[in-house]
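Build the full structure now, drawing on both the sequences and the hints.
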Amino acid sequence: MASPTYRRQVCLAAAAAAFAALYMYVAHSLAIIGFGKTYASVNATSCRQVGRGMLQGCEDIVVDPHTGLAYLACGNLAARQRWIFPNEAHDASLHAGADHVYVMDERDAVADIRLLEPAADGGLVPFSQTIRLHGFDIYWEPKDPRRMTFMFVNHQLDRAAVSIFSHTSGADHMVHEETVWSELLWSPNNIVAMSKHSFYATNDMKYNHGVLRELSSTLRLPGGHVVYRNDLGAFSIAASHIRFPNGIAKYRDWIYVVASGDPGVHIYQAGAAGRLEYTGRVVYSDSVPDNIFVDPANGQIYSASFLKVLEMYKYFKHPSLATTQAAGTKVVRLTQRSNPSHGFDIESLLIDSGELMPTATIAALQRRNQVKRLLIGCVMCDSVSVCDAVA
Numbered sequence: 144m145a146s147p148t149y150r151r152q153v154c155l156a157a158a159a160a161a162f163a164a165l166y167m168y169v170a171h172s173l174a175i176i177g178f179g180k181t182y183a184s185v186n187a188t189s190c191r192q193v194g195r196g197m198l199q200g201c202e203d204i205v206v207d208p209h210t211g212l213a214y215l216a217c218g219n220l221a222a223r224q225r226w227i228f229p230n231e232a233h234d235a236s237l238h239a240g241a242d243h244v245y246v247m248d249e250r251d252a253v254a255d256i257r258l259l260e261p262a263a264d265g266g267l268v269p270f271s272q273t274i275r276l277h278g279f280d281i282y283w284e285p286k287d288p289r290r291m292t293f294m295f296v297n298h299q300l301d302r303a304a305v306s307i308f309s310h311t312s313g314a315d316h317m318v319h320e321e322t323v324w325s326e327l328l329w330s331p332n333n334i335v336a337m338s339k340h341s342f343y344a345t346n347d348m349k350y351n352h353g354v355l356r357e358l359s360s361t362l363r364l365p366g367g368h369v370v371y372r373n374d375l376g377a378f379s380i381a382a383s384h385i386r387f388p389n390g391i392a393k394y395r396d397w398i399y400v401v402a403s404g405d406p407g408v409h410i411y412q413a414g415a416a417g418r419l420e421y422t423g424r425v426v427y428s429d430s431v432p433d434n435i436f437v438d439p440a441n442g443q444i445y446s447a448s449f450l451k452v453l454e455m456y457k458y459f460k461h462p463s464l465a466t467t468q469a470a471g472t473k474v475v476r477l478t479q480r481s482n483p484s485h486g487f488d489i490e491s492l493l494i495d496s497g498e499l500m501p502t503a504t505i506a507a508l509q510r511r512n513q514v515k516r517l518l519i520g521c522v523m524c525d526s527v528s529v530c531d532a533v534a
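The sequence shown: position 345 = 488 (the numbering used here), numbered continuously.
In case anyone wonders, no lab produced these hints; they're calculated from the structure. A few of these clues could be false.
List time: in silico DSSO-like cross-link candidates among lysine-lysine, alpha-carbon distance up to 30 Å [said to hold, decoys possible]: (1) Lys339 with Lys286; (2) Lys180 with Lys460; (3) Lys457 with Lys180.
Now the structure itself:
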């Protein structure tokens, strides 16, 4: 039988180990949220704001690799707060007006794409469902890439769903095909289209509202997962135990998933029946990534990330439609080595202290007519930013 002295030593050792683990967790958490740090802008002199007042709340941007046109999912800032902060009361009168899908060329010319649905008489009428856009993706028909399928995470008032539209490049409208939802899709954030019907979508947390959601967020619990929908409409869990899965993108047969709660990008390979096989991850040491954009030409990943998370949340709750020098944004480019499972080289492209944009949620590369530039969107900003000499 162990002596009291031995038991005391074991207890002290266990307590010391627990304290060390807690200290490391707290220190890591403070580093993630940028506590006590200040930042100066770097390589942002070629950046400018575009579309102030019109291009509000552009959470996500997808660039057509065939035409170079950029598509933006934008909308009402007050309405966006409803799904960013689902536990808080919101004034329903501020949610009037639908969100918008815009298309932008390399000259900053912007057009609104009308969202329509089939009518009983065979014509087209305005889309009648609620449209509150979050992340989205596009599937291009392999034989005719002018024909496109848009998949939007849609935070409707009664439930979150994925709304699917068809669009022909150059048209001024897109047509609703179906809106789908599942009990597995309770807190969708972003999506990657695999075909006209199938997709992967991130569920950022295990709970979509309530105290448990707040605890999960505060403690950075690994309760999020990725959902797969196949061509027959069946849903399944493709990957689980992820700390706030956020942005998602694909390159060839690789699927990249942002883990904002444990900052980095998880690397998966698509397996049988849509299952995602984990192969590794890229760790972020000084910022928290949101959405990601993959350059289809070479597989490089562009990521907008937060430098001061607490300040970012403060701004999201009380956006002034102005800038703040308290939050800050970092845009990172990841370049894969010989094989994505062998890791990525990480390069910082720019830092904005908050003078240009309060925060950013997406950085997308646009190539069109010999123009190459970076488009930066933000879920709670009243414009997008364009950087001409960064990409």
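Verification of the supplied hints:
no.	hint	verdict
1	Lys339 with Lys286	13 Å, holds
2	Lys180 with Lys460	21 Å, holds
3	Lys457 with Lys180	16 Å, holds
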